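*Asks:* Each protein sequence line maps, in turn, to chains C and F.
So the number in our numbering is just where the residue sits in the first sequence, counting from 1, plus 352.
So the number in our numbering is just where the residue sits in the second sequence, counting from 1, plus 230.
Calculated from the structure, these hints are not laboratory results.
Covered stretches of chain C, as calculated for chain F (at least 3 residues, CB under 8 Å):
(1) 402 to 415
(2) 437 to 447
(3) 456 to 462
(4) 466 to 473
As a list, the in silico DMTMM-like pairs of lysine to aspartate or glutamate whose alpha-carbon atoms are at most 20 Å apart:
(5) K468/C <-> D421/C
(6) K435/C <-> D424/C
(7) K468/C <-> E430/C
(8) K468/C <-> E439/C
(9) K435/C <-> D522/F
(10) K468/C <-> D522/F
(11) K435/C <-> E514/C
(12) K435/C <-> E509/F
(13) K468/C <-> D432/C
These numbers come from a predicted model, not from an experiment.
For every residue, glycine included, the Cβ atom is placed at its ideal position computed from N, Cα and C.
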Amino acid sequence: MSVPVIDVRDVTRTLSLGDTPVPILHGVTFSVERGEWVAITGPSGSGKSTLLGIVAGLDAPTSGSVSLDGVDVSARSEGDLAKIRNEKVGVVFQSFNLIPTLTAQENVEAPLYVGKHRREAATRSRAMLERVGLSDRLDHRPHQLSGGQQQRVAIARALVTEPAVVVADEPTGNLDAATSAAVLELFADLRRDLGLTLFVVTHDPDVASRADRVIDLVDGRIATDIRVAA
Amino acid sequence: MSTLAFYFRYAVRSILRSGQRGVLAVACVAFGVFSLVSLQLLAESVERAVLVDPVIELGGDLRLTREGAPLSPADLGALADDPDVSAMETRGDVPARFVQTVDDARIVFFYRVMAVDPGAFPLVGEVRLQDGALAEALDEPGSVVLTRDLAMRLDVRVGDQIRLAGSPGATPARLTIGGVADMVPDAQGGTLLISHETAATITGEILLTTALVRTEAPDEVAARAEAAGWTVQRPETETDIVEDLFGLALPAAGLLGLLIGGIGVANTLQVVLRRRRPEVAVLKTLGYRQRDLFALFGLETALLGLIGGVLGVVLGVAGAEGLRQIMSRSLPMLLDLQVAPSVLIGGLAAGVVTAVLFGLLAITRASAVRPGSLLRQTPIKTTGRTRLATLGLSVLLFALFGALGGLLIGSALHGLAVIAAGVAGLVVFGAIMVAVLLIVVRLPTPGLPLVGMAAANLRRHPARASASLVALFVGTFAIGVSSLIILNARQEVVSRTVEAGGVTLAAYGIPADDPEVVRLAEGAPVWTDRSAEAEVLGPDGEVLWLSGVIGRGADGASTVEVADEPRGERGRAWLSDPNRALVPWSLGVREERPVQVGDSVTVRVGETERAFAVDGYYDRPDGIPLVSTMGLLILPEAFDSLATESGAEVTQTVAVEAPQERAEALASALGEARPDGAVVTAEQVADMFTGVVRSLFILVLALTSLALLAGTVLIANGVGLALVERRRELGVLKAVGYTAGQVLRVLVLENALLGIVGGGLGVAAAVATMAVIEITAETDLALYPGVSVLLVGVSVALAAGSALLVAARPVRQRPLEVLRSD
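Pulled out of the complex, with its shape left as it was, chain C reads as follows:
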């Protein structure tokens, strides 16, 4: 049996609201296989984004363990986590989070300069932007791009380091319906061509419907974990 690319075991997360501890996740357990597309759904405040942050190595669980591509990420130093984020995870945000001073190509190159592919940064980033259909927008700044184009750049940036998993937080949340559909199509193509593992948090049923599996969170617990029929 293959090692799951994401393995979450009994994860809890408690935040502080002033002096009051507020539990967000209550012992969440699941695993994701390589090449799987998993959608996390649930109402506001159910803990989706918190779970995504922990899976992406952006946040640490209060208790429990998380392993990413076979590496335990739950109790790592900030330096180790940075290396893991650079090499094993690509993150796509709802609000794109491109660096406004850099061009599309430079945004995609940015993670390569602190990783192991720094010598091929330009070649790789250009190839990835071509892959997402933006070869004619290499020197454009984020403000010169449409929302859909910005999200494509963000996707290219997430993929350029060849991560084990791509996590996306509401990737179509800031896009209109047509652009959303195009972005989802791109995810599907990339998954097919590159064998991506996708871990997507969403409110949008359309997004969820594209996934192989939908995990529904309610009040910090997994309410349902349904494999969608092909």
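Put chain F on the given structure of chain C with help from the hints.
*Replies:* Below, chain F alone, put in the same frame as chain C:
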């Protein structure tokens, strides 16, 4: 593209996009480097002027004189025959009182004339003319070379004519300016150089009293000269006091400016990086580690430092030149600004290092942002450990900055001491300011809801305002004290002019009985004052401090106030007995053997001695003294008899007691009627003094205003930070119905309160300082309430104005935009 190239491009783009904040950060560095470079350059030029090489100061390797006698041809011949003497020059005293322009009667007192012979004896030390060589400039008889500062004060140039009132009682000499010197050997701004030939025409004959000698064997020449009866003077090394004062104090002030600039950089970068926290979080999400962020933002900060450094160096050189010009108008030194590359490179390096050092504080804080903040608003947690780490880093940074300071001013201990004192001052004063602020913002504000809101906002983070408060305090305090002192000094000069009453015009080189003077005076009293240098001995044979003897009749009685007792009622009748004299009242109250009425005082001129009985005491009234005032006063007939017998050189001044408003017209008419004479009015002299006082005021104002400027930058940053941190809160206020104007008013009011507290305390401290000076110096000083109000007003206007400038646009953002973007 390499990682470094990527970082470089990233940094440049970020700087270009940083807008107002980037400009502020550059301005802070530029401010610091400007202070350092300008004051360092100025210190070096002051040092050069004050610490003249002892050999230059002396004028040669040895200075030889004959005790109480002029040099004879035999003396000089023997000296010239000495095989070790490589060059020799004789010098005589050329008396000097003032120089005056021929065209508009501008006047400068207190100067020194050097009669030189550059062809035979090249001057020791530097003479640098703006155009041509000294020998050529003095070639024509009647030529003079004057310093750049003197030419500036008189507003004359090469080819113009000036009057030189030198020999007592003689007609002032008319000289043609043959050259203007940027540097003269004694580095004094009031020096004139003339040839021996010209000097002889001015004085009649030069009485040679000194021989200057250049030699490779000073000890041997000195021994032989001493054996031949010469008094030998050798170059003496100056004490270190002056070096300490100028060589260290000015650069130390510059270093403090750099410290303020550094704090401004830390403050500005805190705002810049606070705004860029999402960007930092993105970079961390992409795998950037702490060290990558330090490299990236460190490079950006270094570039900001480099830009600010270049700007600061350019401004520093210009500022040093500006300060030099102001100082040239008010101080006697001939400052020669030499822009040393080491100072420029040092300034540039200081800008970069300061920016990086102080930027580290902000970078450390910004890099603590968690990447998860992109998913959820999470504050940066400040634990005891992080506070301790920040404190440790701050101490380390200040220590490093102190070491940098030590490097810059050439003394590690001094650099550290200056920085430690600066930081300690900031902490202590900051704590006091914040304590007062907390009291002020707790005062009730009934019926003023926006003021109440502003006060409540200040209560949240009062410590953040400490640096701005200290800067406003220091600025208003320094300007307050200097303004009050200078206004009092100016008032003193003005009151002396106004109250002078008596003599309003003095003429030199005009015969005492010139009918033209009497005619032009139109009935105003005209009389002649005579004085001579003499030794005045007290009742016990001790030498009194008086400059000489003055012959003055009852017609000159208005120049002094006479009394029978030292502190008695003034207004007594003038002298009537030629064997009696008046002494200054202070001699009647001195601790050792006060001079009493009836005591005998002796005047000694050369071999002649004459005794006078003390008849009473005089006091000099307020006013510009155009005639001698510090001598033994005797009647004119007694003076004439003494002068004739002793052969004393007599200074003769025609004094006119014209009304103040007529003095100028009279001076002009007299100048035209008697062009060979020199005419001076009390107003001209007062103008010269007030001009000096004004220049000093501008100098002090220029230096102290820098503190206010720093305060303004810090406040602008404070407002910028508030706008970032309280963005959501301001959005909510607008969402519940506040207008942009009301939100802006709250922000402006917060900073106006800082202006009131910082400025108010600064002014209060200035007034208290003046009170202390008044008590300790036992003098009456005016406190000028208008100045205090104005200064607090300036402080409030700067604080509120910078807030208005920074916040005016951001508060107009729609509430939905603000709330949605969060």
